[in-house]
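Participant: Single-letter residue listing:
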Amino acid sequence: MATVNVNLIGLSREDYKGRPSTLCRGCGHNSIANQIIAVAYEMALEPHRVIKVSGIGCSSKSPAYFLGRSHGFNSLHGRMPSIATGATTVNNTLIAIGVSGDGDTGSIGLGQFKHLVRRNIPLVYIVENNGVYGLTKGQFSATADQGQTLKYAGVNELPPIDICLEALAAEASFVARSFAGDPAQVRTLLKAALSHRGTAVLDIISPCVTFNNHETSTKSYPYGKAHEEPLQDIAYIPYAEPIMVDYEPGEVQLVEMFDGSHIQLKKLDPESHDPTDRMAAIQLLEEARANQEFITGLIYVDENRPTFREVSRLIDEPLVSLPEDVLRPSPEALEMVMNRMRCC
Amino acid sequence: MATVNVNLIGLSREDYKGRPSTLCRGCGHNSIANQIIAVAYEMALEPHRVIKVSGIGCSSKSPAYFLGRSHGFNSLHGRMPSIATGATTVNNTLIAIGVSGDGDTGSIGLGQFKHLVRRNIPLVYIVENNGVYGLTKGQFSATADQGQTLKYAGVNELPPIDICLEALAAEASFVARSFAGDPAQVRTLLKAALSHRGTAVLDIISPCVTFNNHETSTKSYPYGKAHEEPLQDIAYIPYAEPIMVDYEPGEVQLVEMFDGSHIQLKKLDPESHDPTDRMAAIQLLEEARANQEFITGLIYVDENRPTFREVSRLIDEPLVSLPEDVLRPSPEALEMVMNRMRCC
Amino acid sequence: MNDGAKSAEQVSPTKEGEPIVNDFQIIVATVNGTGSQTANTVLLRALFRMGIPVNGKNFFPSNIQGLPTWFTIRLSKDGYVARRETSEILVAFNETTVFDDISKLPPGGVCFYPAEWEIKHTRDDISYYPMPVRELVKASSTPARLRDYVANMVYVGSVAAMLDIDLDEIESALNFHFSMKSKPVQMNMEVVRAAYEWALDNLPKTDPYRVERMESEEGLILLDGNSAGALGAVFGGVTLIAWYPITPSTSLIDAAREYLKDLRLDPETGKATYAIIQAEDELAAIGMVIGAGWAGARAMTATSGPGLSLMAEFSGLAYFAEVPAVIWDVQRVGPSTGLPTRTSQGDVLKAYFLGHGDTKHVCLLPSTIAECFEFGWRAFDLAERLQTPVFVLSDLDLGMNLWVSEPFAYPDQPMDRGKVLTAEDLDRLGEFARYKDVDGDGIPYRTLPGTAHPLAAYFARGTGHNEAAIYSERPEDWTANMARLARKFNTARRLVPKPIVDEVEGASAGLIAYGTTHHPIVEARDLLHSQGIEVSYLRLRALPLEDTTRDFIARHERIYVVEANHDGQVASLIRMEYPEYADRIISLAHLDGLPLTANWITTAFLEKEEAR
Amino acid sequence: MNDGAKSAEQVSPTKEGEPIVNDFQIIVATVNGTGSQTANTVLLRALFRMGIPVNGKNFFPSNIQGLPTWFTIRLSKDGYVARRETSEILVAFNETTVFDDISKLPPGGVCFYPAEWEIKHTRDDISYYPMPVRELVKASSTPARLRDYVANMVYVGSVAAMLDIDLDEIESALNFHFSMKSKPVQMNMEVVRAAYEWALDNLPKTDPYRVERMESEEGLILLDGNSAGALGAVFGGVTLIAWYPITPSTSLIDAAREYLKDLRLDPETGKATYAIIQAEDELAAIGMVIGAGWAGARAMTATSGPGLSLMAEFSGLAYFAEVPAVIWDVQRVGPSTGLPTRTSQGDVLKAYFLGHGDTKHVCLLPSTIAECFEFGWRAFDLAERLQTPVFVLSDLDLGMNLWVSEPFAYPDQPMDRGKVLTAEDLDRLGEFARYKDVDGDGIPYRTLPGTAHPLAAYFARGTGHNEAAIYSERPEDWTANMARLARKFNTARRLVPKPIVDEVEGASAGLIAYGTTHHPIVEARDLLHSQGIEVSYLRLRALPLEDTTRDFIARHERIYVVEANHDGQVASLIRMEYPEYADRIISLAHLDGLPLTANWITTAFLEKEEAR
Ligand SMILES: Cc1ncc(C[n+]2csc(CCOP(=O)(O)OP(=O)(O)O)c2C)c(N)n1
Ligand SMILES: Cc1ncc(C[n+]2csc(CCOP(=O)(O)OP(=O)(O)O)c2C)c(N)n1
Ligand code: SF4
Ligand code: SF4
Ligand SMILES: [Mg+2]
Ligand SMILES: [Mg+2]
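Protein chains in written order, with my numbering: chain A, 1 to 344; chain B, 1 to 344; chain C, 1 to 612; chain D, 1 to 612.
Don't take each hint at face value.
Stated by the list, open to error - Stretch by stretch, here's where chain A covers chain D in the computed footprint (C-beta under 8 Å, at least three residues):
#1 57-65
#2 243-249
#3 272-281
Stated by the list, open to error - Below are the EDC-like pairs computed for lysine to aspartate or glutamate, each with C-alpha atoms no more than 16 Å apart in a straight line:
#4 C:Lys104 / D:Glu476
#5 C:Lys271 / A:Glu317
#6 A:Lys151 / D:Glu476
#7 C:Lys360 / C:Glu546
#8 C:Lys271 / A:Glu286
#9 D:Lys104 / C:Glu476
#10 A:Lys151 / D:Glu258
Said to hold, decoys possible - Each pair of labels, with its calculated beta carbon distance range:
#11 D:Glu218 / C:Arg493: 53 to 63 Å
#12 B:Thr276 / A:Asp274: 27 to 37 Å
#13 A:Asp274 / C:Glu476: 56 to 66 Å
#14 A:Ala184 / C:Arg493: 50 to 60 Å
#15 A:Ser195 / B:Thr276: 38 to 48 Å
#16 A:Gln283 / D:Thr269: 39 to 49 Å
#17 B:His262 / C:Glu218: 48 to 58 Å
#18 D:Thr269 / B:Glu14: 36 to 46 Å
#19 B:Val155 / A:Glu332: 41 to 51 Å
#20 A:Asn291 / D:Gly219: 56 to 66 Å
#21 C:Glu218 / A:Pro306: 45 to 55 Å
#22 D:Arg487 / A:Ser321: 57 to 67 Å
#23 C:Val438 / A:Gln283: 54 to 64 Å
#24 A:Gly10 / C:Leu429: 21 to 31 Å
Hints listed in this document are in silico derivations from the structure and should not be mistaken for laboratory results. Bear in mind that the values here come from a model prediction, so they are computed numbers and not experimental data. The C-beta atom is built at its ideal place from N, Cα and C for all residues, glycine as well.
Extracted from the complex, chain A is given alone in its bound form (with noise of 0.2 Å):
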């Protein structure tokens, strides 16, 4: 008999994973769904408690696809957040990821997405960012660089929205960002994050394998430019490997994207950068948006901000076990109240 290994609740690494993903091979969705299902297991989270909500995009489907074992709900577009504010709200014994996408967050989702970190909510809030809507194939999301070009979309005018900043300006608790690519980087900062108490804002940067028809992107197709063209709109998808990175903190690094385009990662030194200095993590991004990198690492955090459910004042028990006589007042409640608006 094969002995198989077991964290501290007993149960296996096969026990914190999904249905097999039916993402595109490469994407670094996967990455991230592998690397939830590794911390979870090193965590030792109990399944049962932990509930995955999302929205609806390629990466909204990734909850299907980790911790078999723990409720989910894949909502609408852009509607995880009130989902996930309404569920840790009558239960606050939950353990909640939510899985959204740059469009379901940075788009139709902008609203709900600033509205629940002001909220404070209880909720690990993963943007797996890719710059475009994927399932929808192809089309810009508001978080694409300015001057960005994609075959489908051509060239992309419009600044694009920074998920850390967004997340800052409504005084979110949490703040991260990594790369897909970085399996190391993103188990940290999610471990951090299920242990932060409110909501921790996990933008990751998650490459998207199939729209790489970069007009320049020459390089997949060693058939040459004469060919690009016509291959692309086909829907012919040739397996990529995911992108992997591997640097230190302080460093920067230069990442080919799949699309032939390059993006600037640099993973913060926690020496020179103090997270609980809002003012520095602002001036951080900007900073970053004006040098067209991407700051990886915990960016800004405070421990102190009290959930809503605390500012709320609700009672230490989840709402959802409260039983029938609680629930429900009395027969001569009701006969008080009636008193009052009794005639005579």
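We have chain A already, so just place chains B, C and D with the ligands on it with the hints.
Facilitator: Just chains B, C and D with the ligands now, with coordinates in the frame of chain A:
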């Protein structure tokens, strides 16, 4: 025959008025409407070139009370930005004035607001900010100060959304803040905004006289604390005079609101703040936030950012003026397309 | 607001000079924001306390201050509570509408007005009662700043004097209003009394109207429907409320907040056993409700037309993912923003079909404040039993006006939490498929997040799924699931409140109505009866329709569906549902923002009957 | 995707051993993201170029890569284009579904498959044609990285060989596909030819199916409905498009972008005479459309179910403020997110009633790509003439599949910009009231922002208003305005495209259908005819209904309304609208995500007829 003063294009001030206001006497929104009338008269705007667009709320009603000879659209709660985007994109000869409230923009309309700003739609976007929902009778809006108490709504436990910071995060090209009780400054900023090329966000603190039922507000009712509570829930609204201030650049001014609470206004000193420096603008707002001050004046401006219409490379002529032979391609054009699709 | 003169509305049969007792209507015309609501409800409550059947209706503008507003108080010894088109007694307290208001008085009517207006007495068929408002107020001890406010007490006192309303009851009503705080009560009573005495001394009574104490209201209560609905929700164990302010639903949430604070704080810690969230908009509000419902809580929202439209996508999700939710729609006049402070029944068809694709919803249709209370708690039982959103369609008239009622009955059954499997159940069963029709009633079993069992988890989604809640595009899975949902909807037919039928032997015509249209129907049937015309009546209390309604229709040759909307929405629904009887359905629909009246219904009915 | 065996579907009558020509269906089973769409459309186009009536349908999953997908090509010498439940010829290119796919072949069917799978030939009633895919591709000059992609060309060549498809037409189709770029054409053709030759040399033909050139398609075009609709919009002078991506409407906007770039750039400056805005969501998209429509532009959006739900509030505003707008709803399966890549007719009732209160909309119902084109431009004429949103309800089957059609007819009338008053008009008239019914047709006059005249301005709003567009809560103003809107809706009845009627003398039963359900109806009527059963047929092309439909119903005893949704939505609408005939309306509704078939319709029809 009495002589009537007229402006450059021969119109009197009267020609810029709207219908009689149905807002409460003393409401800040009325004061702003009056400044719009004054500025339009002084700048000799052609009324037919102006459009007035708004959402829903007391503030959003006010376009009915100015510029009666301009087309107006009182649309849906939180949705003024999309109406403005559609109208200005198809007719670039229009001067668009949008009026919204803090609920309209900061709550339900946050997403549309941010995306309009991001697109740099040519529009003077006025937020008549009173920290409450006026028309629905006194709930906290998303811009209400943390810790503020209202009779109706209790204590506000959530941090406020800062309209100016939100605009800046969305890469606004013009951001200013003012106070409805400072007509001179409102007029100056309105003129600047009307001369701006893209979106000009004007966050104007505009006190609500009616939801003045602050717990600590004994002052307005000399009859004393004992009567105060019962006298409030009876929809009795004492007539109030608008709050007015007059102060110099650089100064800090403490203003008592109708509800007995105070706000601190600080007028920007053009000498010490460079409104073309984005980072400085953000810093300014952040510091003001920490000090619970409201910075007034022109916070940020970038006259170089192109408008949506410009990046979209539209023809110079307004699209609404194009004649049928431009709009409808020829029979030959159809034949050409058909030929491509033909069998044989 | 008084569409009186134009129609031949019933007036109490009385001989010249004989008094008309407890059977007339008062209308108070004021400017909003001047505090007249206190005066009006005090008058109303005093009459109520005298045992006289009353109903008060507030017709207010969609702004905060400075526009005309009207309040009617109907006194009806026979217990009719519907709006009446004619008011005999006018309190003219709004100078901008006074002539129009006077012109609508019927012959023999009465006009109270501030003496200082010095208006011409242009009509010689009515009684004019000028009141020296400014003087009386000035003479009182009220501080200057509050004089405008207490000015309204002048008409309270004058009307009381001329109609014989008991001053003690006025004082009791003031005490109620000011929660027994003596200072404001005294301040107001001083003016009431002064006006009362001045009127008795100076105004010779020339009109026949007066009130008399009755015993009929003993033990009854006076409340608005929104408060009643909120109280129902509280006794239904509501746990999460998420909402966004909108007239006329806001006061439902306000009332819930008050009742919850009163009845549902933990006695030990003083902490809340419920959560109320003011959402950023209606999309978020219903999302929170659905999140909470999925997690196992009783959650609700309240809204009106525009909010309902915004809830379309989420309502479809809750329908299809089968999540319980309670949505109150306190209807106002649409399309669009419409008339935010006027009543209608214009969302019924819309709520029923809310959401794209083949979505259909359970709707409850309360007529009375007692039903607001009952449906307030029952909606949760239904939502959890059926695992679906339940819409409660009230309206502004019911929700924001004051109605007399028997005290509410305590729920007659324990909370029905529906088919929820616990960890122990799962142990016993050894299997779980979220969307399987185990019992043949179309209702599957669910588990709640947090259930400590390896079989408990499932993945809720709005996409096509098989019994195990796994994404599926297989045609068979889709049709099987939709067929089960149809079975479930048929189960809903059996579970929703049945219609109330009052059938007259041999009547060939029947009326169908719902919601507040019930009240003028009661009166209209009596009017018809007095003309020798008998009609049966069925009052719908819920959708989907069930057999009682079909059978009722089958037994009558002509069915008149009376409703306060433009398109005859429920008439349409009935035609859709019972095509075999569609041709006997006649729509009597009318919407102008005011509650329907018995006069309108009888006239419309008789016209159609005659046109046959 | 082949629900064949279970039903007794029509198979071409043929003698044992005789060839079956141009009358069968091919199904290609692949994995999505592998580029098979090129191969499939090349096959389809080659057949089309041979003059054979064809129709291709793509059944694809709602993901991007790695899941099963099917493509059917129906060849019908008789010109039937509806989906057929049975495919005789299977190209099995998906190893995970191969056994299931084979099991659905009818006796005598054919299975092409990659030889390297070495599958067992478990059925002895079909022909198996293994193809050495890997070998053939390896042997070609295709670089290694593109081999997976050209692998699909093996089945193109093999099928061509076994069915006798002209290789020149395959090459032409490839040329079309690759816009005449020779390198990819050569690369693909090399593999096609190799497979073709290998098949001829190695596969003995044991099946009866083959193709033959016909003359019937001469001059016809092949296009998808979304492209056709987009082209229609372009020729309708569309000026602003605001949208948010959603399957299956996205390709309509993509096509519009291409056509506009081609046909509507200013020849001098190269600048656009139109704007396309990718909005942040559907609420914003329709808001932009309404803003542009109010300002005088022809503006449109395209969406599907979830987006339609989100447009509810704004649709009501446009209806009530009377702003022209065109909204394409390319229907997919709902409720909720449902099946995003499957077709349905499930939003008809929902679009018709979209918005709270008494809102009702004009809807166009195209059946063919020619109608997509025509309604594409006509929708703007109607929207501007009627000053109201016009919904065009297409579906995924029509929108995303390739259909053969006559070339589109150029608009037969100049653009109708409706009742717009210019400054000169205002000078002449001397007055203007935005919502006044000057002409008695319910349609008022409007002015556009920017009109240089002191009388031009008005204030558009969703709140109650009088004729002068001023806010009003007066009951009379509300009812007058609603009565005018009802008049306008009646005017709409006269203006929308009339139904197309094919009535059979003496037939007691009639069919009513709309949209793509038309195609199986045509075939079903022939099938019934061949059994001696004659039924009349009316094809709806728009809502609201008008007299043609009523009269048609009146002339038949039984009316079957055939539609691809669960609830029989249009049957319900007809019952509502014509209660006098409601009892003769029989709903034949079915929705499983696949287009309806003639087989399903005839079976369902005959069952109901027999049950009488
Ligand atoms: C209301 C609504 N509008 C549009 C869609 C179509 N839609 C599905 S996913 C998606 C975008 C997803 O983009 P993103 O959130 O970035 O996720 P990704 O696929 O890139 O991971 C859209 C527009 C929808 N499902 N619902
Ligand atoms: C969809 C929708 N939800 C709710 C409302 C009700 N409503 C009208 S105005 C308003 C708030 C207005 O607040 P704000 O924008 O701050 O304007 P103010 O009245 O304070 O000037 C609300 C919630 C509405 N009209 N539409
Ligand atoms: S399309 Fe892009 S985002 Fe979607 S699964 Fe494929 S790689 Fe991932
Ligand atoms: S309620 Fe407040 S915001 Fe509204 S009009 Fe009155 S003062 Fe102004
Ligand atoms: Mg994305
Ligand atoms: Mg406000």
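Participant: Each hint needs a verdict: does it hold in this structure or not?
Facilitator: Right, here's what the structure says about each hint:
1. 57-65: Contact hint for the region 57-65 of chain D vs chain A: holds, 5 residues under 8 Å.
2. 243-249: Holds: 4 residues of the region 243-249 of chain D have a Cβ under 8 Å from chain A.
3. 272-281: holds (count 3)
4. C:Lys104 / D:Glu476: 15 Å, holds
5. C:Lys271 / A:Glu317: Holds: C:Lys271 and A:Glu317 sit about 10 Å apart, inside 16 Å.
6. A:Lys151 / D:Glu476: 57 Å, violated
7. C:Lys360 / C:Glu546: Holds, at about 15 Å.
8. C:Lys271 / A:Glu286: Violated, at about 42 Å.
9. D:Lys104 / C:Glu476: 15 Å, holds
10. A:Lys151 / D:Glu258: 13 Å, holds
11. D:Glu218 / C:Arg493: 53 to 63 Å: 57 Å, holds
12. B:Thr276 / A:Asp274: 27 to 37 Å: Given a distance of about 29 Å, which is inside 27 to 37 Å, the answer is holds.
13. A:Asp274 / C:Glu476: 56 to 66 Å: Distance hint for A:Asp274, C:Glu476 holds at roughly 59 Å.
14. A:Ala184 / C:Arg493: 50 to 60 Å: Given range 50 to 60 Å: holds, Cβ gap about 58 Å.
15. A:Ser195 / B:Thr276: 38 to 48 Å: For A:Ser195 and B:Thr276 the Cβ distance comes to about 42 Å; the hint holds.
16. A:Gln283 / D:Thr269: 39 to 49 Å: Since the Cβ atoms of A:Gln283 and D:Thr269 sit about 43 Å apart, the hinted range of 39 to 49 Å holds.
17. B:His262 / C:Glu218: 48 to 58 Å: Taking Cβ atoms as reference, B:His262 and C:Glu218 lie about 53 Å apart, which means the hint holds.
18. D:Thr269 / B:Glu14: 36 to 46 Å: 42 Å, holds
19. B:Val155 / A:Glu332: 41 to 51 Å: 31 Å, violated
20. A:Asn291 / D:Gly219: 56 to 66 Å: 60 Å, holds
21. C:Glu218 / A:Pro306: 45 to 55 Å: 51 Å, holds
22. D:Arg487 / A:Ser321: 57 to 67 Å: The hinted range 57 to 67 Å holds for D:Arg487 and A:Ser321, with Cβ atoms some 58 Å apart.
23. C:Val438 / A:Gln283: 54 to 64 Å: 59 Å, holds
24. A:Gly10 / C:Leu429: 21 to 31 Å: 23 Å, holds
Consistency with the previously given hints fails for numbers 6, 8, 19, ordered from lowest to highest.
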